[in-house]
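Asker: If you read the sequences in order, they're chains A and B. Each residue of the first sequence is one higher than the one before, starting from 1 at the first, in this note's numbering. Each residue of the second sequence is one higher than the one before, starting from 89 at the first, in this note's numbering.
Please keep in mind that the hints were generated in silico from the structure rather than gathered at the bench. Treat the numbers as computed from the prediction; the structure is a model and nothing was measured. It is possible that some hints are incorrect.
[Unchecked claim] Here are the simulated DMTMM-like pairs of lysine to aspartate or glutamate, each with C-alpha atoms no more than 20 angstroms apart in a straight line:
hint: 1; chain 1: A; residue 1: Lys87; chain 2: B; residue 2: Asp101
hint: 2; chain 1: A; residue 1: Lys84; chain 2: B; residue 2: Glu126
hint: 3; chain 1: B; residue 1: Lys113; chain 2: B; residue 2: Asp96
hint: 4; chain 1: B; residue 1: Lys154; chain 2: A; residue 2: Asp29
hint: 5; chain 1: A; residue 1: Lys61; chain 2: B; residue 2: Asp102
hint: 6; chain 1: A; residue 1: Lys84; chain 2: B; residue 2: Glu240
hint: 7; chain 1: A; residue 1: Lys61; chain 2: B; residue 2: Glu126
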Amino acid sequence: MKAPADPTIQTEHCSRLPTCVEEHHLLVDGEATPEMVEHYEQIGAYCSPCSRHFKELTAIKSLVQHHAKPAEAPLQLSEAILSKLQKE
Amino acid sequence: MGAEHHLDKIVRDDAFVKEFMPLMKQLYNFALKLKLDEDEASDLVQESYLKAYRFFDSYAEGTNAKAWMFRIMKNTFINDFRKKSREPNKIDYDELESFYNSEEAEHKVKSDLRIDMMQDKLGDEVTVALNALPVDFRTAIILCDIESFTYEEMSKILDIPIGTVRSRLHRARQVLKEKLIDYAKSQGFDTTESHPMTNES
């Protein structure tokens with residue numbers, strides 16, 4: 001794989017970085033356009049600040065999805081709901 | 089006529105139970121994240137189901153039942169909160185201020201005994217970090233990352249523009265990153281930057 005020809009887009013001073021940061025959220029949430037996906041795959045993935053931000057974002061989202069423990073509803077909650085509905 | 093009405097109610101009740109009772113666990117978890125208290129979460133769930141039942145005729149069968157119920161629960165939560173604000177002896181002013189000012193303050197909800205108890209009981213870093221978020225941010229993260237609603241669905245549930253949905257997610261994740269990035273690394277997540285490769289001749 002070859003890095004993009006323009007080395008300036010791979011630095012911390014890239015003027016597009018704020019836009020890329022916004023797009024990273026769309027990418028992890030499945031809300032990105034095909035153009036955004038292509039841009040990240042072809043350019044962002046090779047850009048140090050972009051790739052670092054994207055990976056951190058992906059890690060945080062994965063942590064929330066997989067580690068936030070869902071609680072079991074109290075056993076009597078279902079019965080309590082149905083009982084109240086019957087009285088309506 | 090009485091028998092016919094009774095039969096109609098049975099059919100209606102069956103349709104309601106079939107459509108909405110499977111969502112109970114998800115709704116309870118959402119309520120728990122809003123209230124941070126098991127008993128209050130149960131009360132909120134029951135109240136939400138009652139309201140959904142009363143407005144069942146306005147629900148279009150085959151549409152997004154989950155989003156509809158979550159919206160009802162969100163509105164029930166907010167209405168309860170505002171009702172308590174008219175009973176000054178019963179509200180937690182710190183929590184009220186945090187709720188309404190979360191967009192500006194970006195600070196943790198001030199700890200109270202219920203939050204401390206919940207944190208000790210659950211003992212999970214991610215849950216602790218989530219519960220420490222202002223409720224607006226916490227709601228956005230739960231609806232997006234745990235319940236997998238789209239931005240558009242979240243916009244309708246929360247009755248806010250999609251731009252505000254994005255803004256809340258962005259800021260909530262920034263706060264979570266500050267709290268959890270070291271934990272993420274300890275769990276083996278790759279958060280290192282890619283190094284630009286040199287051009288091949």
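Asker: All hints are to be evaluated individually against the structure, with a verdict given for each.
Answerer: Evaluated hints:
Using a Cα cut-off of 20 angstroms, the hinted pair A:Lys87 and B:Asp101 holds, with the two alpha carbons roughly 11 angstroms apart. For the given pair, A:Lys84 sits about 19 angstroms from B:Glu126 by alpha-carbon distance, which is consistent with the 20 angstroms threshold. For the suggested pair B:Lys113 and B:Asp96, the alpha carbons sit about 28 angstroms apart, so the restraint of at most 20 angstroms is broken. Using a Cα cut-off of 20 angstroms, the hinted pair B:Lys154 and A:Asp29 holds, with the two alpha carbons roughly 19 angstroms apart.
The hinted pair formed by A:Lys61 and B:Asp102 fails the criterion: a straight-line CA distance of about 37 angstroms is larger than 20 angstroms. Simply put, A:Lys84 and B:Glu240 have alpha-carbon atoms about 32 angstroms apart, too far for the 20 angstroms limit, and the pair is violated. A C-alpha spacing of about 25 angstroms is found between A:Lys61 and B:Glu126, which places the hinted pair above 20 angstroms, so the restraint is violated.
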